[in-house]
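Novice: Residue-level listing of the chains:
Number of protein chains: 2
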Amino acid sequence: MLAEIICIGDEILIGQVVNTNATFLSKELNKIGIEVLQVTSISDNIENIKNSLNSAMKKADLVLITGGLGPTNDDKTKIALCEFFNDKLISNPDVLEHIIKIFKDYVKKPINELNKNQALVPSKAKILINEYGTASGMWFRKNKKNIISLPGVPFEMKHLIEKEVIPKLKEHSTFHIVNKTLLTYGLGESHIAKRIESWEKELPKDIKFAYLPNLGRVRLRLSSKGINEKQIHAKIDKHIAKLLPLIKDIFVGYEEDAPVEMQIQNLFKSNESTLAIAESCTGGEISSRLTKIPGSSEYFLGGITAYNNAAKKEILGVDEQLIKTHSAVSKEVSKEMAIRVREKFKSTYGVSTTGTAGPSLGES
Amino acid sequence: MLAEIICIGDEILIGQVVNTNATFLSKELNKIGIEVLQVTSISDNIENIKNSLNSAMKKADLVLITGGLGPTNDDKTKIALCEFFNDKLISNPDVLEHIIKIFKDYVKKPINELNKNQALVPSKAKILINEYGTASGMWFRKNKKNIISLPGVPFEMKHLIEKEVIPKLKEHSTFHIVNKTLLTYGLGESHIAKRIESWEKELPKDIKFAYLPNLGRVRLRLSSKGINEKQIHAKIDKHIAKLLPLIKDIFVGYEEDAPVEMQIQNLFKSNESTLAIAESCTGGEISSRLTKIPGSSEYFLGGITAYNNAAKKEILGVDEQLIKTHSAVSKEVSKEMAIRVREKFKSTYGVSTTGTAGPSLGES
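Here the protein sequences come in this chain order: A and B. Last residue of the first sequence? That's 364 in the working numbering, and every number before it is there in order. Last residue of the second sequence? That's 1364 in the working numbering, and every number before it is there in order.
Excised from the complex, chain A in its bound form (with noise of 0.2 Å):
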């Protein structure tokens, strides 16, 4: 199954909100094997909208639509879809309900009339109620293709999402995608790809094979689609057993779909061991991410930023000498950083951050 994405908000075209939702809304596409083609964001104007419509359905067999659903007068999505699909609205006793129910219930306040026109939606299309807001889903099916519309707010998109929309593609569909990316560091692409030349011309038409350069760090990655999941785990493996050997001095791990501090979470709790940071450079960044992830209490004890030689010394307690001596960016200093906030935390193991941040080139 092909699918096209359409955003639909002013403040993506200014520049106001990252647009996380697109991001999202792939990544559940590619995991049941919907293969997204493009991804289009447009201002809330019901000629654009109708015309990025238009466009979409004569590419994809899905077209996933966020945004404009709101109950004031800048949003148009839904007088869109009625010119689209010549329908007309009607009031749907369910989600007039509900939105009563929400309001009764968290909002604590009497709708009004531009609640109650939320409960205004097309005919024709199969209504998705949505538990976190007053903004309905909307399936609508033409020419054996799917539309679907859901609110631009993130989690409620994303709960219409996982509860409504995914269970049922999954159940149509029949394709598989699988994205393997391995991390390296250390070499730049052109070089990595010298190295690998005949690696790669040897990787069969059906896996495709990618550079994602970043700073001092390029991903390498293989993707491959087919009916058979498993058949397509073993192929793309087979081609990794082969590219190891050429980049084990660059290679350090895989990139996962759990994020890096789960893992470190699942590694901590496993050995039932603790942690306890002390950062310099990183200014609490580290903490910050770490804490992020639920269940983090259970082995993160703490940190402490210290930012000068001051805080360093006075909260930390590290010998001003050592710092004299050495200089606060320097091995020796940051040694003795994680020894002692590991001491004054009582935890496991002490890690600690130093070095020299600054907006010019070369400093950080």
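What the hints contain is simulated information worked out from the structure, not anything from laboratory work. Be careful, since some hints might not be right.
To be verified - Restricting the straight-line Cα-Cα distance to at most 30 Å, the calculated cross-link-like pairs of lysine-lysine (DSS-like) are: (1) Lys-1027(B) <-> Lys-50(A); (2) Lys-1208(B) <-> Lys-109(A); (3) Lys-1050(B) <-> Lys-142(A); (4) Lys-1194(B) <-> Lys-158(A); (5) Lys-1101(B) <-> Lys-1194(B); (6) Lys-27(A) <-> Lys-1076(B); (7) Lys-1076(B) <-> Lys-31(A); (8) Lys-76(A) <-> Lys-1205(B); (9) Lys-1058(B) <-> Lys-1208(B); (10) Lys-50(A) <-> Lys-1180(B); (11) Lys-1076(B) <-> Lys-59(A).
Said to hold, decoys possible - Just so you have them, the derived chain A footprint on chain B, three or more residues with Cβ under 8 Å: (12) 1012-1024; (13) 1192-1203; (14) 1215-1226; (15) 1279-1290; (16) 1309-1316.
Every residue gets a Cβ at the ideal spot worked out from N, C-alpha and C, and that includes glycine.
With chain A held as given, fit chain B onto it using these hints.
Specialist: Chain B in isolation, oriented as in the chain A frame:
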């Protein structure tokens, strides 16, 4: 001037990266009065690139393309551009010299044939030398329209935009776009809309008004465009002045171009005061965000992430009895944490956070 942005890269369509390039470009174009009609993300595929370019040139005067300019086989943008503009690749001596220099000075490796191929550029394009990388920017003109192709690596793209693209576009842009966003907390969009209904009806047609809802808050945006920037500002300000009395109980401030972390830094520096932070539920997030702004070390002395009661007691020195009496999540303990962290770091101000952070609804 009307623009379309085309982002090329399978990594966007499988949800492997968030498309922050499009956000950056949209914002920069808006600042110089160029309106973005559409952002289109497509895969590294010659036909897709040509089709998107074709469709963009029907609507826009300016097409900005990012991505697909690397030295490896998976990058197809240069080939697609040559086919689209009926052009061919020629070796550009300035680009070649630049690539050799980059490899000599930074990569410290000899250049290989793939790197040399990056000096092959379309003959009809004006070349923008990429100081931070080896993939050049390319500027085409066709039927009085501008088509600019840039590398997809964010810091390389940003540098070319700021140094080469925006200054030149600005010379020809006589238009101004003004967006002003008001932040409100505590009232849903439908209730705000009802309350300001007659104000909204009186808005002139050339001011666009939008509601941007999210959990607990609604942003209200007024946008307008025209030749005379001062007049547009004055017109928007006049309507904001009428709006403010209607929302005075929920209005908290404006969304400025400078992030709040920068505003905090400016405030502290102008008062010559310093700050230390004790974080519980925020886990280092505040420290981390403040220290990301260059110059933060001049006022931000450091922080302590005291996630559990032991750390609050042992590291911060909060009285155990106080925690027992009031619980860790209380005004009393929070106040004590702020006082203690201020003492420890000898800062002018101490700030603390406390609360229960959890994955379930209603826990945060």
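Novice: Give a verdict on every hint.
Specialist: To see whether the hints hold, each was checked on the structure:
no.	hint	result
1	Lys-1027(B) <-> Lys-50(A)	25 Å, holds
2	Lys-1208(B) <-> Lys-109(A)	28 Å, holds
3	Lys-1050(B) <-> Lys-142(A)	28 Å, holds
4	Lys-1194(B) <-> Lys-158(A)	28 Å, holds
5	Lys-1101(B) <-> Lys-1194(B)	63 Å, violated
6	Lys-27(A) <-> Lys-1076(B)	23 Å, holds
7	Lys-1076(B) <-> Lys-31(A)	26 Å, holds
8	Lys-76(A) <-> Lys-1205(B)	16 Å, holds
9	Lys-1058(B) <-> Lys-1208(B)	25 Å, holds
10	Lys-50(A) <-> Lys-1180(B)	28 Å, holds
11	Lys-1076(B) <-> Lys-59(A)	21 Å, holds
12	1012-1024	holds (count 12)
13	1192-1203	holds (count 3)
14	1215-1226	holds (count 3)
15	1279-1290	holds (count 9)
16	1309-1316	holds (count 4)
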